[in-house]
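Please build the complete structure, drawing on both the sequences and the hints.
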Amino acid sequence: MIGLPQQIGRYRGLVEDWDAFVEALHRPVPTDLRWNSLAVERNRFEESLQRQGISWAHPSGSPDLYRVEGMAGPGLTLAYNLGWYQPQGYTSTLPPLILSPQPGSRVLDLCAAPGGKTSQLAALMGGTGLIVANDISHQRISILAANLERLGVLNTLICQYRGENFPERFAFDYVLVDAPCSGQGTFRVDGGTFRPDAADALEFLSALQLRLLRKALQVVRPGGRVLYSTCSYAPEEDEAVVSAALEEGTADVLPIDLDLPGQPGLTEWAGATYLPEVAHTLRFWPHHTDSWGFYCALLRRTG
Amino acid sequence: MLSSAGPAEAHAVRTVLVERLGIAPEVLADLRLLCTSNVVWAIRKSDALEEALDIFRAERTGLPLIRRVGKHWKPTTAALQAFGEHLTRGIVTLTAVELERLLIQGSLRGTRAELDEGYVAIRGPEGIIGCGLYLNPIPEEGKVEGLLRSQLPKAQWEPFGRHLREQT
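Residue numbers (our numbering), protein chains in the order written: chain A, 1 to 303; chain B, 1001 to 1168.
I should point out that these hints are in silico values taken from the structure, not numbers from a laboratory.
We put the CB at the ideal spot given by N, CA and C, even for glycine.
Don't take each hint at face value.
Computed beta-carbon distance windows for the label pairs [said to hold, decoys possible]:
#, chain 1, residue 1, chain 2, residue 2, range
1, A, 264, B, 1086, 47 to 53 Å
2, B, 1118, A, 47, 46 to 52 Å
3, B, 1125, A, 218, 49 to 55 Å
4, A, 272, B, 1051, 52 to 58 Å
Which chain B residues stay away from chain A? Per the calculated CB distances, all over 10 Å, these [to be verified]:
#, residue
5, 1007
6, 1018
7, 1060
8, 1095
9, 1133
10, 1144
See the structure below:
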């Protein structure tokens, strides 16, 4: 367990094939590029990769994602600057894919910066309908706006509200809550963006996450869908939050009907128990995806 | 905060994108124009958008169209890329080698008799790249060639320019 912080080590009894998990944490995360269909046809994008001598494979269930070999830096190409792709980790593309908004729909991305998922939602909608991309931070909104600008997103309004205070008078068909989290899933032994101090704030984070998920269930129309995701392994930030929201009686969990390398959500952890339907949510481990750790729950508003 | 674009901003969009760069007005017809102090923004029209604009305090849209620089309006690189296939004039076409030189040096000398001085669209082998500023030759000042200056967003493009410079 040398090199692993205590916040990761505590999952030893939980992770299937611990050695493979630890080994994955010692590997750098592969370079994944999401083709931006708003800017260029697929064949022209692929030709541009071929001309640079770059080979690729598509990770499971994500046909627009290109796991590339032989690229010096994903931001150092003409194609990047033309908005032909967005560097975006495989598991980070799963929340929009699972939410799967229909063209012409009304979508809220409640914690939108830096905008990879927002632009993916726009592409999935063929640039139609309306996305409201919200973020609390002025600085992060600048990054979000720069990405949307580069990617040619034409159906998005950008707002800066504290997520819990987002106005409620507009009914959305879909809401994405990619919640602020401890980032445990981004931990790598030699890198990653995981901040151990954030992992020490699980109580604060899980309370914030529940408030955000509650807000999402208030602004989505009855029958509308909410995708809750984090890049954390912590059940306190994942199943516990979803289970608490379900207990309020305004939503149910939908099974995720895609061929993805996820494991069922937990129904108990460290003495706590969660509602049985939380088993329909998915945990993504790095040794199964060769990507960041992630958690996704698809909910439908019932009341 | 965004507000509806007025006649002056709509006129500026027509002047820059329609008259100078030759985009057909109908291409822009399904865009709602909004503005902040020095930028006109675009977003696709929809009923949902009108409802949203009444409720939300929006900061910007995903696509800035034109930006005020002093007394002039400049087309954004994002707008030129987004509507690149609809541009019919005001275009400087560069070879791959010329484009690389522009990205490395930030400017390129060469007379372009077909162009009026002002903002232009730069086209490379991959299509429209973004915005440039073309300045006429001034022989009496010894400037016998025109000058094309890159107006590509620096924060975004500079790492790529530096990368090209390091490779040469």
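Hint check:
no.: 1; hint: A:264 x B:1086: 47 to 53 Å; verdict: holds, 49 Å
no.: 2; hint: B:1118 x A:47: 46 to 52 Å; verdict: violated, 34 Å
no.: 3; hint: B:1125 x A:218: 49 to 55 Å; verdict: holds, 51 Å
no.: 4; hint: A:272 x B:1051: 52 to 58 Å; verdict: violated, 41 Å
no.: 5; hint: 1007; verdict: holds, 23 Å
no.: 6; hint: 1018; verdict: holds, 18 Å
no.: 7; hint: 1060; verdict: violated, 5 Å
no.: 8; hint: 1095; verdict: holds, 14 Å
no.: 9; hint: 1133; verdict: holds, 18 Å
no.: 10; hint: 1144; verdict: holds, 31 Å
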